[in-house]
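Visitor: Protein chains in written order, with this note's numbering: chain A, 1 to 463; chain B, 1 to 360; chain C, 1 to 305.
In short, the hints are calculated from the structure, not lab data.
We put the beta carbon where it would ideally sit given N, CA and C, even for glycine.
Possibly wrong hints are sitting among the right ones.
If you only want the chain A side, here are some residues facing chain C, beta carbon under 7 Å, derived [claimed, not checked]: (1) ARG20; (2) CYS357; (3) SER359; (4) ARG457; (5) GLU458; (6) ALA460.
Distance windows between CB atoms, simulated [said to hold, decoys possible]: (7) C:GLY194 with A:VAL453: 35 to 41 Å; (8) B:TYR338 with A:ALA449: 46 to 52 Å; (9) C:ASP35 with A:ALA449: 55 to 61 Å; (10) C:GLY76 with A:ALA14: 21 to 27 Å; (11) B:VAL172 with A:ARG456: 29 to 35 Å; (12) A:THR303 with B:GLY151: 47 to 53 Å; (13) B:LEU212 with A:LEU181: 47 to 53 Å; (14) A:VAL453 with B:GLY204: 32 to 38 Å.
What follows is each chain in one-letter form.
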Amino acid sequence: MTRMTNDAQNRNAAAASARRIGGVAVLAVRAALRTRTVAALLALLAACVLVLPGVVKGDGTPEGELHILLTYTLGFAFGLLCLATLWAACALFAAEIDSARMQLSAVKPVCAAEFWVGKWLALLALNAAALLAVYAGVYSQVRWRMHRDGWEVIEQPVSRHVTRPLLPTPREEARDTLADLRARNELPQGYSERTILRVLEEKAHEKYTEIPPGGRQSWRFRLSRPLYADEALTARLRFETEYNTRAQVSGICRLGSVETARAVEVPLDDFTLKEIEFDVEARAFGQVPAAGLRTFELSFAHTGDAQRAAGLLLRFRKDVALLTPGGSFWMNLMRAAAVHWSVLALLAAFGLTLSVCFSLPVAAFVATVLLVLTMVGNSVVQVVSEEDAQKWSNRAGVMVSRTVHGATRRALQAEPLAALTNGERLDAGMLRVSLGWNALLLPLLLAAAGCAVLRRRELADTE
Amino acid sequence: MFPHDAQSGARGLALKQVRAIARATLVEAIQQPVAFLIMLSAVMTTLLVPVFQFHRFGEDGRLARDSGLSCLLVFGLVLAAGTAGRTVSGEIARGTAAAALGKPVRRVTFLLAKALGVLAVTALFGLGVLSATLLAERGSAHFITHADYAGYVTDVITLALGVAGVAAALLVAAARHYFGRRRFGVSAFVGVSLSQVLVALGTGFYNRLGQLYPLHGEAACTGCGADHAQAAGWVFYHPELNLRVIPAALLVLFALAVFTALATALATRLSTGSTLAVCAGVLLLGLAGDSLLTGAPFWSGRGLAAGLLPDLQNFWLCDAVARGGRIAWRYVGEAALYALTCCAFFLGAGCLAFRERDLG
Amino acid sequence: MPESKQQPVIETRGLRKVFRDFWRRPTVEAVKGLDLTVNDGEVFGLLGPNGSGKSTTIKMLLGLLRPTAGVVRVLGAAPDDTRAKARIGYLPEVSHLHPFLTPRETLLYYASLFGMPRGEAARRTRELLAMVDLEHAADRAVGGFSKGMARRVGLAQALVNAPALLVLDEPTSGLDPIGSREVKDLVCALARGGVTVLMTSHLLADVEDVCDRVAILERGVLRAEGKIAELLRQPDAVRFEVEGLDEPSAAAVRAELETRTGRRVRQEYPAMSLERYFLQVVAQDGRQRAFAIAPFLNTPPPPNS
Numbered sequence: 001m002t003r004m005t006n007d008a009q010n011r012n013a014a015a016a017s018a019r020r021i022g023g024v025a026v027l028a029v030r031a032a033l034r035t036r037t038v039a040a041l042l043a044l045l046a047a048c049v050l051v052l053p054g055v056v057k058g059d060g061t062p063e064g065e066l067h068i069l070l071t072y073t074l075g076f077a078f079g080l081l082c083l084a085t086l087w088a089a090c091a092l093f094a095a096e097i098d099s100a101r102m103q104l105s106a107v108k109p110v111c112a113a114e115f116w117v118g119k120w121l122a123l124l125a126l127n128a129a130a131l132l133a134v135y136a137g138v139y140s141q142v143r144w145r146m147h148r149d150g151w152e153v154i155e156q157p158v159s160r161h162v163t164r165p166l167l168p169t170p171r172e173e174a175r176d177t178l179a180d181l182r183a184r185n186e187l188p189q190g191y192s193e194r195t196i197l198r199v200l201e202e203k204a205h206e207k208y209t210e211i212p213p214g215g216r217q218s219w220r221f222r223l224s225r226p227l228y229a230d231e232a233l234t235a236r237l238r239f240e241t242e243y244n245t246r247a248q249v250s251g252i253c254r255l256g257s258v259e260t261a262r263a264v265e266v267p268l269d270d271f272t273l274k275e276i277e278f279d280v281e282a283r284a285f286g287q288v289p290a291a292g293l294r295t296f297e298l299s300f301a302h303t304g305d306a307q308r309a310a311g312l313l314l315r316f317r318k319d320v321a322l323l324t325p326g327g328s329f330w331m332n333l334m335r336a337a338a339v340h341w342s343v344l345a346l347l348a349a350f351g352l353t354l355s356v357c358f359s360l361p362v363a364a365f366v367a368t369v370l371l372v373l374t375m376v377g378n379s380v381v382q383v384v385s386e387e388d389a390q391k392w393s394n395r396a397g398v399m400v401s402r403t404v405h406g407a408t409r410r411a412l413q414a415e416p417l418a419a420l421t422n423g424e425r426l427d428a429g430m431l432r433v434s435l436g437w438n439a440l441l442l443p444l445l446l447a448a449a450g451c452a453v454l455r456r457r458e459l460a461d462t463e
Numbered sequence: 001m002f003p004h005d006a007q008s009g010a011r012g013l014a015l016k017q018v019r020a021i022a023r024a025t026l027v028e029a030i031q032q033p034v035a036f037l038i039m040l041s042a043v044m045t046t047l048l049v050p051v052f053q054f055h056r057f058g059e060d061g062r063l064a065r066d067s068g069l070s071c072l073l074v075f076g077l078v079l080a081a082g083t084a085g086r087t088v089s090g091e092i093a094r095g096t097a098a099a100a101l102g103k104p105v106r107r108v109t110f111l112l113a114k115a116l117g118v119l120a121v122t123a124l125f126g127l128g129v130l131s132a133t134l135l136a137e138r139g140s141a142h143f144i145t146h147a148d149y150a151g152y153v154t155d156v157i158t159l160a161l162g163v164a165g166v167a168a169a170l171l172v173a174a175a176r177h178y179f180g181r182r183r184f185g186v187s188a189f190v191g192v193s194l195s196q197v198l199v200a201l202g203t204g205f206y207n208r209l210g211q212l213y214p215l216h217g218e219a220a221c222t223g224c225g226a227d228h229a230q231a232a233g234w235v236f237y238h239p240e241l242n243l244r245v246i247p248a249a250l251l252v253l254f255a256l257a258v259f260t261a262l263a264t265a266l267a268t269r270l271s272t273g274s275t276l277a278v279c280a281g282v283l284l285l286g287l288a289g290d291s292l293l294t295g296a297p298f299w300s301g302r303g304l305a306a307g308l309l310p311d312l313q314n315f316w317l318c319d320a321v322a323r324g325g326r327i328a329w330r331y332v333g334e335a336a337l338y339a340l341t342c343c344a345f346f347l348g349a350g351c352l353a354f355r356e357r358d359l360g
Numbered sequence: 001m002p003e004s005k006q007q008p009v010i011e012t013r014g015l016r017k018v019f020r021d022f023w024r025r026p027t028v029e030a031v032k033g034l035d036l037t038v039n040d041g042e043v044f045g046l047l048g049p050n051g052s053g054k055s056t057t058i059k060m061l062l063g064l065l066r067p068t069a070g071v072v073r074v075l076g077a078a079p080d081d082t083r084a085k086a087r088i089g090y091l092p093e094v095s096h097l098h099p100f101l102t103p104r105e106t107l108l109y110y111a112s113l114f115g116m117p118r119g120e121a122a123r124r125t126r127e128l129l130a131m132v133d134l135e136h137a138a139d140r141a142v143g144g145f146s147k148g149m150a151r152r153v154g155l156a157q158a159l160v161n162a163p164a165l166l167v168l169d170e171p172t173s174g175l176d177p178i179g180s181r182e183v184k185d186l187v188c189a190l191a192r193g194g195v196t197v198l199m200t201s202h203l204l205a206d207v208e209d210v211c212d213r214v215a216i217l218e219r220g221v222l223r224a225e226g227k228i229a230e231l232l233r234q235p236d237a238v239r240f241e242v243e244g245l246d247e248p249s250a251a252a253v254r255a256e257l258e259t260r261t262g263r264r265v266r267q268e269y270p271a272m273s274l275e276r277y278f279l280q281v282v283a284q285d286g287r288q289r290a291f292a293i294a295p296f297l298n299t300p301p302p303p304n305s
């Protein structure tokens, strides 16, 4: 009986807590919807989705139009939502505390965590609605243009699984290289091993391989999901070579299935564009077993003239891939929306915590500056060389940039717009990391900090 | 009394009212922590750009100059629009506008005085950021050919003095707050601005290699292009600042004046956030107006927008200062007239909107 | 007024509040060592001139400010304990309401903060709106209300949880005489029901009408405390009131008293208060409505609340 009473009490307490959180969330949603600022934001988003694609001129091709819709329109709308979410979050606590409206709520039996979670959930709900509207608007535009301009099947947006070559990870490769350098006593002087390892890992990410005329390079792939008999496999190669020398480049691409031991050879002689894709049907690899085909080998042999042709430069980790059907474009859009939503959830949590600590203008300003520092910091990390980083005048900036980059790397590593534009399906693992990191772990830490400050903060002025 | 006396008395009263309201607006605006933060961020960003410059584009100081003027425009816009929004719409919401207008103050006088007050804030801000831009450009890497050295030299002393000036201003403000209970925000805002002006004036006492004046002949000036060997002999004071930036900065300040007028007009009806959002939209459209809006007939929507929106490309001439170019003062005068026209238009609309606004 | 029970609902010992500037230097000592006790079921008035520390004391009792020194217990717990807050209702001096909410939404919001089920919250909202005579404006945004109407909404939200302790800061501020009378009737009715009321007011007549005990603060120090009747009593004077006494009889009684006591006797004709006269006049026009306390406030709370 006592246990049942305790269970009932716990359930009642949980229900009461849910009602408190719901009340705070509903108030925040009402506050957002009944101010002109939200109307202005909606107008800007509508202009972005409806007007911007008409204003920004593309190259006239379906690919160009898709690029504008997916990169510019979604990118601009997402940027607007980032700023709006950040500033709205900064206002949620700060405006109430500054105007003394918080006093009436603070004397009610609501703990700091319930306040924080309620307001955060309100922002999540508003962002979900806004993102859904924006993505639905963009999808409608894509469908309308497909219908209006009669896009070919090959020109229509797709979603494909991307499989990269089976290789050691950049970290493993960096460790091997470091061990090798250490064994040969050729470690660079003046740098710590940690710095060397970091630089080697960065270089491994972007490492180029050159395929000279007469040369050959192979890669092995294991698909994340099998290729079935009625499906086609796409091989994609991106490369860097001087444009005026591309005409002399030619080669033979050989794509073979390890399971059936059958291969298809495809001659490639048009290297005027930076990217080549070709499709091969599964049936070309012979009898496809019921379990499908998983393991493939791709090789490229450079058949260009050794005297005149240029070598082909590839970043083999990034520029070589096998693509398989990966669901619908619409679902991939939704996955991208989920990634963006997770970033907005993180910004909402960040703004809420700042708004507990500062007044509204100061919180909004600090939030904007930190956002800009994050963007600048990530760029600095990409362009700074070790020599530049060693200068005393640069050390502070580089240290701050690297710290910011390290803290935000996982939050921002998914690049949904690039994936959508390239027709790549957003990886489930990447989605989990984004959601887990941005919408759970980091907000939890920020909430703990915000609630700690809110509990200690005096909410009334002098009389 | 003669009618003339009554009129001049009324004019004198209006001027006094304008002065009082504008002064109160200025003090109330710069005492806010956010005003000081904006000033500090703009000045420090400008000063630190030459330090964190990882690529040299071969144009001495261009990145520093363009960054400084960009900071002046963007931070200045936030400051101007935010201050105008807060001081007009905030006072309407709080009821202090009603209290002021309960005195014999006309609404037009009130609104124009508010706009003047915000302009004063922007001007003080502009002074500080302009000085910081001059310092940043002097401090950025310049290619110097000297008797003992030829190569890129970063004038670290100037940049360090600029940062030290900011720090000194903050210390003075803190001391005034601690000992005299003076408002920290006011002291810091004014102090940071003045510190940059003083440091800019002080750079005239040494050259880029850190050698103190007076110097003679070729040693007198490193890298500024003047031929001091042909001068009177000794050089006692030579700031080596790129004063050609001043007209470019003035043009940006004219743009900020236009935004001040626009924000003041909008704030009679919109909240601070909405005012900022609209001003940001006008900024983007104003900068992109050349490519988006020109060529359309004037009776169309785009044509109307092209006519009503200020063309901000008229105020952004940073490229003209590159490679030794100059902006003619005549052009600055014409831009001032254009800015004045835009301000008059926006403030006129604002006065009309404010006339019908319920303040109760 | 009922005799108060001796169980303290509010207890402060050596309560002190010093406000400091940015450099942590003391600027104002608003409350200096206050020892205060408010017992269960009594109506307690906290009085004092402007700047005496009344609002600061109340905010410390409610956890909105942290005491610099001293002990505060409210309903047997610390001020920021949510179990205590669940039984407190608070009406601040200025009702800082959300201007974009209607009175109905306001009350539902504050009811939700008590974890109240929706049905119960809706019922209480209806009853409170009827009690404060705002049913006709229940769905208008509070931002457009007059000061008096906003005050009524503030009063209603203070009662939504049927509190055991009601803290009222200038409860009749902004209300017309009818509204003021209704608030005082409400306070008396709640006190009869066992609710403890702590109120501050500059309208001393209101305090005299409803309070059992008062404390007078001045510059953060408690200057006087006690029951109103005892504090106001003039020890060396007696007043008799006789109804229906004619003038000659009154003169004779006065003469007899002067002869017996050898002192000058003052003869007065009692007058009703201006408030009472106003309400009588208004009632003749039929304006005054019958005030009724919300039914849920009359219902005793369940034992576990």
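Visitor: For every hint, state whether the structure bears it out.
Guide: Okay, the hints, checked on the actual structure:
Nearest Cβ of chain C to the Cβ of A:ARG20: about 5 Å, under the 7 Å cut. The hint holds. Because the smallest distance between the Cβ of A:CYS357 and any Cβ of chain C comes to about 15 Å, over 7 Å, the interface hint for this residue is violated. This hint is violated: A:SER359 has a C-beta 14 Å from the nearest C-beta of chain C, more than the 7 Å allowed. The beta carbon of A:ARG457 is not positioned within 7 Å of any beta carbon in chain C (closest approach about 9 Å), and the interface hint is therefore violated.
Hint status for A:GLU458 relative to chain C: holds, with the closest Cβ pair at about 5 Å, below 7 Å. Taking 7 Å as the C-beta cut-off, the interface hint given for A:ALA460 holds, the closest approach to chain C being about 4 Å. Taken as a hint, the range 35 to 41 Å holds for the pair C:GLY194 and A:VAL453, whose Cβ atoms sit roughly 38 Å apart. Distance hint check for B:TYR338 and A:ALA449: the Cβ-Cβ separation is about 49 Å, which falls inside the suggested range of 46 to 52 Å.
About 38 Å separates the C-beta atoms of C:ASP35 and A:ALA449, a value inconsistent with the hinted range of 55 to 61 Å. Hint check: C:GLY76 to A:ALA14, Cβ distance near 25 Å, so the stated range 21 to 27 Å holds. Between B:VAL172 and A:ARG456 the Cβ separation comes to about 32 Å, which falls inside the hinted range of 29 to 35 Å. The supplied range of 47 to 53 Å is met by A:THR303 and B:GLY151, whose beta-carbon atoms lie about 49 Å from each other.
Taken as a hint, the range 47 to 53 Å holds for the pair B:LEU212 and A:LEU181, whose Cβ atoms sit roughly 49 Å apart. Range check, A:VAL453 to B:GLY204: about 48 Å between beta-carbon atoms, so the 32 to 38 Å window is missed.
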